[in-house]
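Protein chains: 2
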Amino acid sequence: MMIRFYNARILTMEEGMPMVEGELWVKDERIAYVGEKKDTEGVTFDQEIDCEGNVLMPGFKNAHTHSGMTAMRSFADDMPLQEWLNTKIFPLEAKMTGQDNYDLTQLAILEYLTSGVTAIFDMYLSPEDIARACIDMGMRCVLVSGLNNFGPALEVMEERYLKLNGMHPLISYFMGVHAEYTCSKELLEQVSELIHKYKAPLWTHMSETKREVDECVERYGMTPPQLFDSLGLFDFGGGGYHCVHFDEKDMELFREKGLYVVTNPGSNTKLASGVAPVAEYLRRGIPVAIGTDGPSSNNCLDMFREMFLVTGLAKLRQKDASAVDGDEVLKMACVNGAKAMGLHDADFLAEGKLADIIMIDLHQPNMQPLNKISKNIVYSGSKQNVKMTMINGKILYFDGKFLCCENPEAIYEKANEIIARLSAE
Amino acid sequence: MMIRFYNARILTMEEGMPMVEGELWVKDERIAYVGEKKDTEGVTFDQEIDCEGNVLMPGFKNAHTHSGMTAMRSFADDMPLQEWLNTKIFPLEAKMTGQDNYDLTQLAILEYLTSGVTAIFDMYLSPEDIARACIDMGMRCVLVSGLNNFGPALEVMEERYLKLNGMHPLISYFMGVHAEYTCSKELLEQVSELIHKYKAPLWTHMSETKREVDECVERYGMTPPQLFDSLGLFDFGGGGYHCVHFDEKDMELFREKGLYVVTNPGSNTKLASGVAPVAEYLRRGIPVAIGTDGPSSNNCLDMFREMFLVTGLAKLRQKDASAVDGDEVLKMACVNGAKAMGLHDADFLAEGKLADIIMIDLHQPNMQPLNKISKNIVYSGSKQNVKMTMINGKILYFDGKFLCCENPEAIYEKANEIIARLSAE
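Protein chains in written order, with our numbering: chain A, 1 to 425; chain B, 1 to 425.
Treat the hints as calculated values from the structure; they're not laboratory data.
No experiment lies behind these values; they were computed from the predicted model shown.
One or more hints might be untrue.
Just so you know, same-sequence chains aren't split out, so a pair can sit in one copy or run between any two.
To be verified - Calculated lysine to aspartate or glutamate pairs in the EDC-like style (CA-CA distance at most 20 Å, straight line):
1) Lys401 / Asp361
2) Lys27 / Glu248
3) Lys401 / Glu52
4) Lys257 / Glu280
5) Lys88 / Asp50
6) Lys414 / Glu52
7) Lys27 / Glu186
8) Lys163 / Asp50
9) Lys372 / Glu413
10) Lys210 / Glu256
11) Lys249 / Asp399
Excised from the complex, chain A in its bound form:
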């Protein structure tokens, strides 16, 4: 399968943010050529697409989400965090089946495609069902365990680690725990053994709320990052989701170990968790990626909103309009996300890289004039500008049409049926 995109502006996202005017060829699941207009004689293309001057760039990596929570979107907003979790979310999740998770993940995938997301880092119930939904629709998915005291045992995580890695080119699996406050010390110690057995990185929700940090310090005399480090959990890398309430020592530890921060500003805002010190992470050279968190706490899966919030909230926090340059944010969304997720061939556009590509429509008023296209994407871009989303060489979304499934309406209907059933007494 050969696809040729021509008449394009190509933001490869390589160092220096070059913008190449020319064309891009895709052969099967990889990029075969990126550069100036090229002689096509003797080459047979299955499809040739005139980009009309629009931008091709690497897709966004949603580096933290719980896709299956789509059922609970707008189910319970404007509530205090603990009440929301305990009275609204947990009771419903307890009733959710594997098939529900599959159906609800499919709904989330449709939304990712409209937002130019080409890979997700998903921590939720029954990863096998998430994987199935992603394979069926063509979404690239890095699964991560949300191990805790109340769910499936450690052995299940190890089994999944061995089974899900290598099962399909779109799927990989990382070890992880839900959070310090949902895991006993014994469980964390067992996880550490497993981490060392496989020399594997570890991922976790970390320091999302001040209360979480305070309680951890009370329990262990250490913050969550320091506790995890003391147990050897970060000996092979990985990182934390949220990372809102870090002290100097936490940051130093993340820098030293090369751990990733995945920031989730939409969720941290809506749940009033606080503003992560992103400018301080960058100053120390800590790599930052971006995630939406789940659609129940955000409530949308929109990387444009997240990108604006990453820089905007940093500007407010630092009281400095020059804090966290928009171009840095674009790198977080495209490149750092890929690296955090172990997708080393999906970071930028170049020959041999994976064809996880989006097209940004510049023929829209919010993208004009073209003073600086990368800044337009971060500061005024929106889902309406996503003209195409291609994953692994397959066009899954084009001009508002889903090519990844026959009937999106059926998926909407199922989501409505599921929430009606789950929320029934």
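Assemble the complex: chain A is given as a structure, and chain B must be docked to it using the hints.
What follows is chain B alone, placed relative to chain A:
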């Protein structure tokens, strides 16, 4: 001209947020019927539109903008406020012609339509040119003077007040001053005389930055709201744009006089000006409306982003996820904006009201499931959900197509030409 919308969910935005399933008829520029399915026998419609279960609601009112600043979108981001204004914005504005303002306002109008904005409150150069652009495209526009020490004289404001009010059904004009820090006390006193002569409300940028407030207190021993009140400038109502740094006394004054706060969270975030105390305004019963501010400081004209920021930033400021309910925000965007702008017939959908109506597409993944549609609009809605924008009974935007102008590309080209000319040495 009679248009019938049927098979609709109608969020009238009346008290209690009723959602009517049925139809809505438009006769010329006004609503002729809202209610359940109705017998159409004997009625001739020029157009009948199947809404397919989508939402009809009043359009958003962008209650503070400077439309003509589209030229400077992404022209100079990530810069400290004063450097940005003095080295990048003011020198360019000095070279801008009336025709530039017309062309750049047209670009902004295209973007407003994609965001469901049916009326704008616009303070910028040469209001005659803004009015012309709005009339030519069908946008409803409330102009407001940005009088200051350096621009056109007081007499020009009075002339415009008399000339522009009543010139066209889409256009009205309010008196206003740019800000305390750009007006001498003598000028403010003269404005007060004019306000009293016409018993007119007054509008101004107010307490946008802490520095502005501090310098005003240094000069006059009073905050900007207190100074304006002491000069009688608020004796006939009006209000302030931004209102980020208010003290207790300022708030009490706004409450007592029934003045409006127009909040601009996108701009206040990007320029690191601070977070307005919106929850505290609401607690006191101060009416709050929402504006995008100009596209050079935001950088987009997207009421969805603003709505999320209004509630999100309030939640962060109050450290309370239940602060500023999403439904309150929707009222600010639709109803309060209309009231602030003197558009008393554009506040909600009912027989006899102006047909300033938008259709929200629910057949998109970010709107599903339909747990609570009004919350979906505020928390997960985006421009991609704006299926139609109708102003004064005319459909100006439908299914991604602009019906208000023949060639949007020509408008984009002009904007690029203008910024190239303005920024040339």
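Hint by hint, here is what the structure shows:
| no. | hint | in the structure |
| --- | --- | --- |
| 1 | Lys401 / Asp361 | both (15 Å within a copy, 14 Å between copies) |
| 2 | Lys27 / Glu248 | neither (47 Å within a copy, 65 Å between copies) |
| 3 | Lys401 / Glu52 | both (19 Å within a copy, 18 Å between copies) |
| 4 | Lys257 / Glu280 | within (16 Å within a copy, 43 Å between copies) |
| 5 | Lys88 / Asp50 | neither (48 Å within a copy, 36 Å between copies) |
| 6 | Lys414 / Glu52 | between (37 Å within a copy, 18 Å between copies) |
| 7 | Lys27 / Glu186 | neither (49 Å within a copy, 72 Å between copies) |
| 8 | Lys163 / Asp50 | neither (41 Å within a copy, 49 Å between copies) |
| 9 | Lys372 / Glu413 | between (41 Å within a copy, 15 Å between copies) |
| 10 | Lys210 / Glu256 | neither (23 Å within a copy, 38 Å between copies) |
| 11 | Lys249 / Asp399 | neither (48 Å within a copy, 52 Å between copies) |
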